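J.: Chains A and B supply the protein sequences, listed in that same order. Residues in the first sequence are numbered consecutively from 1, following the numbering used here. Residues in the second sequence are numbered consecutively from 588, following the numbering used here.
These are calculated hints, taken from the structure and not from any lab test. In this text, all values refer to a predicted model and were calculated from it rather than measured experimentally. Hints are not guaranteed to be accurate.
Footprint (simulated), chain B over chain A, 3 or more residues, beta carbon under 8 Å [said to hold, decoys possible]:
id, region
1, 73 to 82
2, 87 to 93
3, 208 to 214
4, 238 to 244
5, 267 to 276
6, 279 to 287
7, 290 to 299
Heads up, the beta-carbon is just placed ideally off N, CA and C, and yes, glycines get one too.
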Amino acid sequence: MDQTTLNIIVVGLSFALYFGIAILARAGSTAEFYAAGRGVNPVINGMATAADWMSAASFISMAGLIAFVGYNNSTFLMGWTGGYVLMAMLLAPYLRKFGKYTVPEFVGDRFYSNTARVVAVVALIVMSVTYVIGQMAGAGVAFSRFLEVDNTTGLLIASAVVFVYAVLGGMKGITYTQVAQYCVLIVAYTIPAIFISLQLTGQFLPQIGLFSEHAASGQYLLVTLDGLLTDLGFTAYTTGSSPWLMALFTLSLMIGTAGLPHVIIRFFTVPRVADARWSAGWALVFIALLYLTAPAVGAMARLNIMTTMWPQGVQGEAVAVEDLPDWFETWRVTGLLGVEDKNGDGKIQYYNDKSEAMTALAAERGWAGNELVTFNRDILVLANPEIAGLPGWVIALIAAGGIAAALSTAAGLLLAISSAISHDLIKSTINPGISEKGELLAARISMSVAIVVATYLGLNPPGFAAQVVALAFGLAAASLFPTLMMGIFSKRINSAGATAGMLAGLISTTLYLFLYLGWFFIPGTNMLTPDQYLFGIPPTHFGPIGALLNFGAAYLVSSMTAEPPQEIQDLVESVRIPRGAGAATGH
Amino acid sequence: MTKGGHALSDQDSANAYWKANLRLITWSLVVWALASFGFGILLRPLISGIAFGGTDLGFWFAQQGSIIVFLILIFNYAWRMNKLDAEHGVEE
Numbered sequence: 001m002d003q004t005t006l007n008i009i010v011v012g013l014s015f016a017l018y019f020g021i022a023i024l025a026r027a028g029s030t031a032e033f034y035a036a037g038r039g040v041n042p043v044i045n046g047m048a049t050a051a052d053w054m055s056a057a058s059f060i061s062m063a064g065l066i067a068f069v070g071y072n073n074s075t076f077l078m079g080w081t082g083g084y085v086l087m088a089m090l091l092a093p094y095l096r097k098f099g100k101y102t103v104p105e106f107v108g109d110r111f112y113s114n115t116a117r118v119v120a121v122v123a124l125i126v127m128s129v130t131y132v133i134g135q136m137a138g139a140g141v142a143f144s145r146f147l148e149v150d151n152t153t154g155l156l157i158a159s160a161v162v163f164v165y166a167v168l169g170g171m172k173g174i175t176y177t178q179v180a181q182y183c184v185l186i187v188a189y190t191i192p193a194i195f196i197s198l199q200l201t202g203q204f205l206p207q208i209g210l211f212s213e214h215a216a217s218g219q220y221l222l223v224t225l226d227g228l229l230t231d232l233g234f235t236a237y238t239t240g241s242s243p244w245l246m247a248l249f250t251l252s253l254m255i256g257t258a259g260l261p262h263v264i265i266r267f268f269t270v271p272r273v274a275d276a277r278w279s280a281g282w283a284l285v286f287i288a289l290l291y292l293t294a295p296a297v298g299a300m301a302r303l304n305i306m307t308t309m310w311p312q313g314v315q316g317e318a319v320a321v322e323d324l325p326d327w328f329e330t331w332r333v334t335g336l337l338g339v340e341d342k343n344g345d346g347k348i349q350y351y352n353d354k355s356e357a358m359t360a361l362a363a364e365r366g367w368a369g370n371e372l373v374t375f376n377r378d379i380l381v382l383a384n385p386e387i388a389g390l391p392g393w394v395i396a397l398i399a400a401g402g403i404a405a406a407l408s409t410a411a412g413l414l415l416a417i418s419s420a421i422s423h424d425l426i427k428s429t430i431n432p433g434i435s436e437k438g439e440l441l442a443a444r445i446s447m448s449v450a451i452v453v454a455t456y457l458g459l460n461p462p463g464f465a466a467q468v469v470a471l472a473f474g475l476a477a478a479s480l481f482p483t484l485m486m487g488i489f490s491k492r493i494n495s496a497g498a499t500a501g502m503l504a505g506l507i508s509t510t511l512y513l514f515l516y517l518g519w520f521f522i523p524g525t526n527m528l529t530p531d532q533y534l535f536g537i538p539p540t541h542f543g544p545i546g547a548l549l550n551f552g553a554a555y556l557v558s559s560m561t562a563e564p565p566q567e568i569q570d571l572v573e574s575v576r577i578p579r580g581a582g583a584a585t586g587h
Numbered sequence: 588m589t590k591g592g593h594a595l596s597d598q599d600s601a602n603a604y605w606k607a608n609l610r611l612i613t614w615s616l617v618v619w620a621l622a623s624f625g626f627g628i629l630l631r632p633l634i635s636g637i638a639f640g641g642t643d644l645g646f647w648f649a650q651q652g653s654i655i656v657f658l659i660l661i662f663n664y665a666w667r668m669n670k671l672d673a674e675h676g677v678e679e
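For reference, chain B alone in the conformation it holds in the complex (with noise of 0.2 Å):
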């Protein structure tokens, strides 16, 4: 794959690292989509037999479960990439 032959594991736990912070992006946005676009708009009809504290679990998720999803993402991103940079050895 690589160019050269210096530093080839280097470069293949470099792919590696990206490939992996990659995936992870994936499906963090896929969760992403699905709590806003999908659960508190698109999908709301799909779920409002769903009751939830005087409306249905759709609007909660427009309201208040899109943004605790969100919150929840970003650390889940953040703790895993910097576990992530230590087992590749690219930490600071």
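The following block holds chain A by itself, in its conformation from the complex (with noise of 0.2 Å):
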């Protein structure tokens, strides 16, 4: 059986056990459309709160950003598990406590506001509609890739996947089809890093083999690879640059992590306030299983790539054409990784053709600058099962992770972006006499819009994806992750104090992304440059600046207009408590 084969039957079943999910947890109520009605257990909701994060990024990119930069590329690793500790302490039992179905719900209830309501609702969508791009392009590619399909028909196979069980079983379905990707995505993640580090370190463990001996060099791990890296011109791997930056970035992820409502929403799901803050720790266990092993796969396979450009280390001869690798092919045909012998000596020298110390040695070497010309670092994951040697099934089951990843974020996403519709605009906004029936008609509606938005975007999407990424997170935690906070923890702020905060956060950003990537990010609008950057910040940093302007712009117009009525205090009373969240259950 040929590999394409192998890959549609392990994906083809995997899809099968997410529509028999779909089948079993239909959704009959709003309760259980919303919130899969608040009777999730927290493990489980842990588990789909992990799979509901981790996107195709986390799961095909992550340990390749690791990989080629070293230890200044940690701020993913710190920053977006971080987040949860805010999560944890400052949002999520609060939110479940107050018992209602969506983020901008709080915001207009607790702010006695529908234009506090409708600018976060605003915000959400714009967030999560920019994020859901990212999903389906990447789910467009891991079908295109492995099951020799083109992009535009593994899109459409994608998005049809997402409707029967994100329409069908709303939340509910949701959930409990995220609980199988996570597994998928987890097994698929694990098992070729397990190998590889067996294969390295002979650490069963990937995690610990990363600070272990490399068996072949007898020394450590990292000691070997810091020390091929500098020898050919990179920078060594655990040395670091500007860690105030590093250190501003690593906020803004957190913040950002924080503030994204498709991940506060799964937290809506469980019984108890205790409960969410059980599954709060949960979520990060399963997260911590995959981020914890992303490190150790990056320096694994970065290792392995200097190994087998320089088989016989950086002062012997190159590695030879005819010597290469089979993935090596498998992946050039890709376009993806690139070979060129510039000097025609018949090797592939590796290094860094741009750093000035290696002039020298490269002159006296007869080398002719660098001929590994090019090598995606999204290979990394997806090649790994290859480069450990592993049989067809564990490339199949990358297949069906990289698909479960991209699959299971964006049925969150799309769910907050239809129950914001539904309930916020629809329900809260436009037709507050709409009945139960009408209202889940109405989400499903809504659901199956966003899907076909969705796919349109995923299908063209605008040239600026990856910045789009870090607009979504520079939103996050420049409007909805402050003005939540300040609801739960301010009886002071009022409606004009937070609608001023959030405008204040959402501008500030949006205007600095705008004014140094270009306005809506077309290439050339941008009116300053980077040497231009206000005290050296680049716009991906900019998250905790623009929640700070949250805070003072909300403290500062709230101090000059009138306290919230006192019903509204006493609802910040009653979410800061426990006691009566199970009533909301059945509501």
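Take the two lone chains, each set in its own frame, and fit them into one complex as the hints suggest.
T.: Structure (structure tokens):
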């Protein structure tokens, strides 16, 4: 059986599983559609949250991001996990106690203002739609690469699958498919990592292997890696630069993570406030299983590449073209990996030709520039099973895992979008008299429209997909997180203050991104250049500054206007204590 | 502190509960920041003398230690708060 057939069988089986769950977990009421009837076990919810949160970027790209930069990209590891500490202590338990269905609903009720609610809906839709484009595109790429269909067909299959279980099951269907998707993606990620760790260090756990002795060189793995890299003119793996910018970027990712509505609403599905607290811990346990493996995968894959290119060490000869491993050829045809024998010696020299320190050595040894001309960082995870020489079914599992990561996040985002439309715009703002049945139908229609829009945008991705993710995190950090936190921790912030704060955060962040990256990210329309960064802060790091402006504006405007009415202050008192959350279960 | 005499002890208990929560959050966030921004990034040079698995302790904190600390913090918070709920009679 060839690899493509095997991939189709494994991916097909995973889809059959998702459809089975969708049929068993149909939503019969709005409570089930929006919050899975609030009956989800905290451990199960933790697992679903992990799948909801870990996107194609976490699964496919993160290990590569770390591998090719080293220590400095630890920011992703700390930033994308540290946000859960903020969410667990500052948001999740209180919002669960509030006991409603959406994030804008809390903003609207706590700040007794439909304007505030609509601003929150706009922020939610902008950040979730930008995020979902990346997921749909990611699913399309995974399909086309492993199942040998073209990108468009791949994307349409992905949308159809999401359509079936998200429209039918709402939050209830999404929750249990996310659990299945988590299992698929974590098994797919860990198996190759364990084998690579065993091969390189003899350690079963990659997390320990990363800090262990490299069997072939008899030195610590990281010492060997640092040595090879610096000998070839690259920066050492374990050294860093610009610590303050690293800290700011980490903080930006943390606050952004805590403010993502599709993750926050997952905590509305557990029965009690105490469960929401435990569930945040379990979510991080399941996320950490991947996030603690990723740095090991990164370092080990980087070392594998170095020793593949320099089989006799840096002092010896480079790898000969005919000795390149098979996986090189597999990935060369995709265009993601490319070699070019510039000096025509039949060998492939891989080194940093931009390093001035290498000029003399290159001249002396007859090198004419780096000959590993293309190496897409996403290959690392996808090619891991081939690099480790693992059987075909593991490669098929990676295909299913990548698709599971993209679909689970897309479904969560689509639910956040559709519930904001059907519940906050239709039910709360436009047609308060809508019946339960009518709202459920509206929710299903909103979901369908959201999927169609996401599919369209996935097929015609705006050329700025990478920057757009920065926009989603920046907006989450600058708009929703501060407003939600103030709504819980301050009784004094009133509707004018919260609205002013959200607008200050939204506008300043968007403006900062547009000024440096171009209006609506259109290339060439940027009005300022990187050397004009305010205090040297790049646009991707702006989230915490936007959040600070939000806090400041909210405080200032609130202190100049009347304090919130007594019933709002009572509402704040009530979200602070768990008692009574169960009563919201059946509503 | 409270307006009107009724349910004075309830109000006091609720205030004490919220103060205890804020104290726990503050300490947790100090540790949160110390493990990540501190040992993982800004204070890394200070602890660079401590060797760890082929590199220094700061690298470990940045790639693994901080995540483990986050996990301990969240479970500790859940456990202490659920106990605090019962002590102040606000549990479900």
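J.: Work down the list of hints and note, for each, if the structure agrees.
T.: Do the hints match the structure? See the list:
{"no.": "1", "hint": "73 to 82", "result": "holds (count 5)"}
{"no.": "2", "hint": "87 to 93", "result": "holds (count 4)"}
{"no.": "3", "hint": "208 to 214", "result": "holds (count 3)"}
{"no.": "4", "hint": "238 to 244", "result": "holds (count 4)"}
{"no.": "5", "hint": "267 to 276", "result": "holds (count 3)"}
{"no.": "6", "hint": "279 to 287", "result": "holds (count 4)"}
{"no.": "7", "hint": "290 to 299", "result": "holds (count 3)"}
Hint compliance for this structure: every hint is met.
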